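Visitor: One line per chain: the protein sequences are C and S, in this order. Counting in the working numbering, the first sequence tops out at residue 465, every number present. Counting in the working numbering, the second sequence tops out at residue 977, every number present.
Hints were generated in silico from the structure; no laboratory data involved. Treat each hint with caution, since some may be false.
What the hints assert, rightly or not - A short list of chain C residues far from chain S (calculated; beta carbon distances all over 12 Å):
(1) Arg244
(2) Trp379
(3) Asp415
Stated by the list, open to error - Cut-off 20 Å, straight-line C-alpha distance, at most; resulting in silico cross-link-like pairs (EDC-like, lysine to aspartate or glutamate):
(4) Lys418(C) x Glu304(C)
(5) Lys277(C) x Glu957(S)
(6) Lys455(C) x Glu341(C)
(7) Lys148(C) x Glu959(S)
(8) Lys417(C) x Glu622(S)
(9) Lys277(C) x Asp616(S)
(10) Lys417(C) x Glu959(S)
Predicted, not measured: the structure shown is a model, and the values here were computed from it. In this text, a Cβ means the ideal position worked out from N, Cα and C, and glycines have one as well.
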Amino acid sequence: MSAPLIWILIPFVVGFSILFFLHQRFAPLIAGAVSAILALIALIFPIDTALLLGSISIKISASIQFFGRSFALNTADGPLIAIIYGLAAMWFFGTEASGTANRFVSLGLMIVALLTASIAVEPFLFAALLLDMAAMLAIPLLVPIYQKPGRGVIRFLTYQTLAMPFILFSGWMLAGVEASPGDVGSTLQAGTILGLGFAFLLGVFPLYNWIPMLMEEASPYVTGFLLWALPTFTIIFALGFLDRYTWLRTSPQISNAIQFAGVFMVASGGLFASQQKHIGRIMGYAAIVETGLLILAMGLKSTEVVNITFLLLIPRGLELAVWALALSIIKRKAYSLRFSEIQGMARSYPVAVAALILAHLSMTGFPLLAGFPSRLALWQELARQSLATSFWVFVGLLGLLIAVARTLAVFVMADEKKAWEWNESWVQTTMLGLGVIGLFILGMFPQTLQPFISKLPTLFEHLGQ
Amino acid sequence: MLILISCSLLFITTLALMVLQVTQPNARYAWLVAVGGSLLALISVFMWLAQAPFDMTLPAWQPQTVFINPIQFRADKLSWPFALSITALTLTILLTAITRSAITNSFTWAGTLALGGIGLLAVTANNPLTLLLVWGALDITELMTQLRAVDGPANNEKVVISFSTRALGIGLLLWANIVSIAQGNTFDFQSIAPASGLYLVAAAGLRLGVLPLHLPYASESTMRRGIGTSLRLVSAVSSLVLLAHIPVGSLTSALTPFLLGLAIVAALYGGWMWLRAPDELTGRPYWVISLAALSVISALSGSPLGAVAWGCALILVGGALFLASVQQVWLNRALLIGVWSLSSLPFSLTASAWLGSLGFFIPFVIVAQALVMAGFVRHALRSAGRTSLESQPGWANKIYPTGIILLIVFQLLLGLTGWDGASQIGAWLQALLTSLLAFGLVWATPRFRVLNPIRAHWVSPAMSGVTTIYSSLWVIYRMLGRVSQSITVTLEGEGGIMWTLLFLVLFISLMT
């Protein structure tokens, strides 16, 4: 059995089968269980290494050919796949609690499979195609059947699709740049076009306006899932670029541009979040800030680029999952998620509100919560390079703190006679409770991530050298 | 290890009480368990003296190349007086709880013990990372406790605002970290960059409500005497401990006199309101703010030990007063020993408070301190609103005063042997003038209407928009709101994509 078959084909087929053949009730359990099993396999069985179980020798081969293209997952990819499918399992198990439609788990599993293919495909430029396919597959999730797509959905698709030609075109140009690295003109052109491609993919300012729009029009759980999955794989794809092309890694202009884009996203996202009166849009802006932090981490002139990037990536999945689940529960009661409709809800949905606030605090980098260690690490590295950049990151996170304070103030603004109630179901309470415990564990003991992170630098041979 | 033992004793007792409350809600020995746990914790803190200084380091965060500073706690001559004060306060709250049995239960005792444990961790934090984590735990605990305790939109809003200001204090401590690292220093208390010193004072000041002046706490009426006292005082001391760690050399800045001025305004305001508060519980936020301000003044004047002294006074003197809910003439008189502790006279608890240089701020400091002392005398001798021990069983007549006396004895003890540099003659002339002024105020209080109890309105609890600084911030916030609204409407409207592409081209041309 080859690794791409296990981690790309099987989940894709399972997702497809769930969509057409499986009863709605069992879909989240099956998808979650499959993802969890795939994560465990990735963790236990090393790829391309023979493993002796008694007299039986098991070996998962690394690559497979498909229409002339190669899909390869190596030993170093194991922890990464475990992280991805582990987090995906968490999203799928939470589906029932969130009340999201059945097709989320099937299409979601297919999206994760396609995105995994994007890190396995060779030549790696084809990842842009796979990322775009994943974005297209997300459209049925975002638009209910027989409904006209909203403006946010159209922009999401437009921008994700526009990214593909830019990246493919830059790939063609990069070959020329490698051949003649002294040609400043073509280097600049290639860098700009590549940058544009990633700006569209990651939603760099001002291309991120689809995110808050989408949070307003679509299901928060589905949007949250996309806000986790797409940037995660895009960042890995971008790290691959940086690792592969020396001139990209060493160019101070590129590094400055990356940092500028990141800091602009963090500061503007935080400031916009502080002004919102819709808790879904606030989550959208928080996701933008988080992506900005990831871009900043990529632009670090430090040997810790990979470590810090993945320290940011893993808690991000948990934070967004908890936040999106809490939002979905609240949205059932307050459809529009505007401040005027959620006022005083802390007394009727205490668990969902507490989970939402803690996830939000985690994203602001509040101590003791999952987001804190990664932000601390990033800040320490940034401080060594530029105090001004650190200041704007501080401003962005301050914006998020203002947003959480406003949200909390609205949630607790209940009448004096309003009694405390517990309207969440046991499944919802358990899922949110586990998520919150996870936030605290990652915040207090970030070393729990070490078994996953320690081997990841080997994925990128040149980064951090 | 001993730090772990003391904290574990408090946390395990907390857990035991919670289990008892759930499994045997009517268990009569729950109080004994609580008192036993806190007594053992107090004894274990005394045992620190045998080994101090010593460290407790938790398993390092990984990757270690990224996280340089470990989570570390340290018992030394700076943290010990704070630790002793906190454990003594916890024990006293439980000992005096016998008079409040009608409204307390195992959960509130458990809360008191847990707060004591977190307080111990805060005062022993040996680097800012550790302190940040403990502050985080304390703030989340306090937020949840208060949100459950208060009712009504206005009170809930105050709780959120007070949480936000403390979170901002955490942000300032982080910023001090960044500034220190940017200058090539690591971030532990031993090697803080000089440029970070003022940010640290501002962080502590913000959390305490001193810089800028605001009341970080919600209305006191809803918080009970026992756990309310623990919450207020332990929370304040966890911030004050930061002041004790700031190296003197890092506070020499052009901004120092400005901050000193702000702290003196806070001390004068707090002292004035404390003196005129109708009762000690209403005046509790002003007590905290005035003593915290005096502590900040000590630190800014170059006397970090003074910050320790005021921190201990905040807990021990304040704790004795706030927990004294029973009318006993001799006990009320014994409480007056607290005046000695607050006086800065030789060999008193606060004798080392003014070893730094106050310059031309001395008269203001004297007035502020005298207001605090006079207010203390007035509240200690006030009998109205206090109950009697007559209805209590015989053993309660002995246990209750023991709790109060414990805090009074520790005031005297720490003044003599609390830390290196205790048992001082100090600035005796300044202390004498302060004491004379305080007695003058005590004499004048019943005779002059202006000194009579009244509620003030010029700074309302944790409200913004009153003073100029808050108004300016509000104007900036609203201006940003209008700008962000315009940008959002432009980018998300019909022509949004065209505008976006235009912006993009603009950025690219700017960058290339």
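Visitor: Could you run down the list of hints and mark each one as holding or not?
Guide: Each hint tested on the structure:
| no. | hint | verdict |
| --- | --- | --- |
| 1 | Arg244 | holds (23 Å) |
| 2 | Trp379 | violated (6 Å) |
| 3 | Asp415 | violated (7 Å) |
| 4 | Lys418(C) x Glu304(C) | violated (51 Å) |
| 5 | Lys277(C) x Glu957(S) | holds (16 Å) |
| 6 | Lys455(C) x Glu341(C) | violated (47 Å) |
| 7 | Lys148(C) x Glu959(S) | holds (16 Å) |
| 8 | Lys417(C) x Glu622(S) | holds (16 Å) |
| 9 | Lys277(C) x Asp616(S) | violated (24 Å) |
| 10 | Lys417(C) x Glu959(S) | violated (45 Å) |
Hint violations for this structure: numbers 2, 3, 4, 6, 9 and 10, all remaining hints satisfied.
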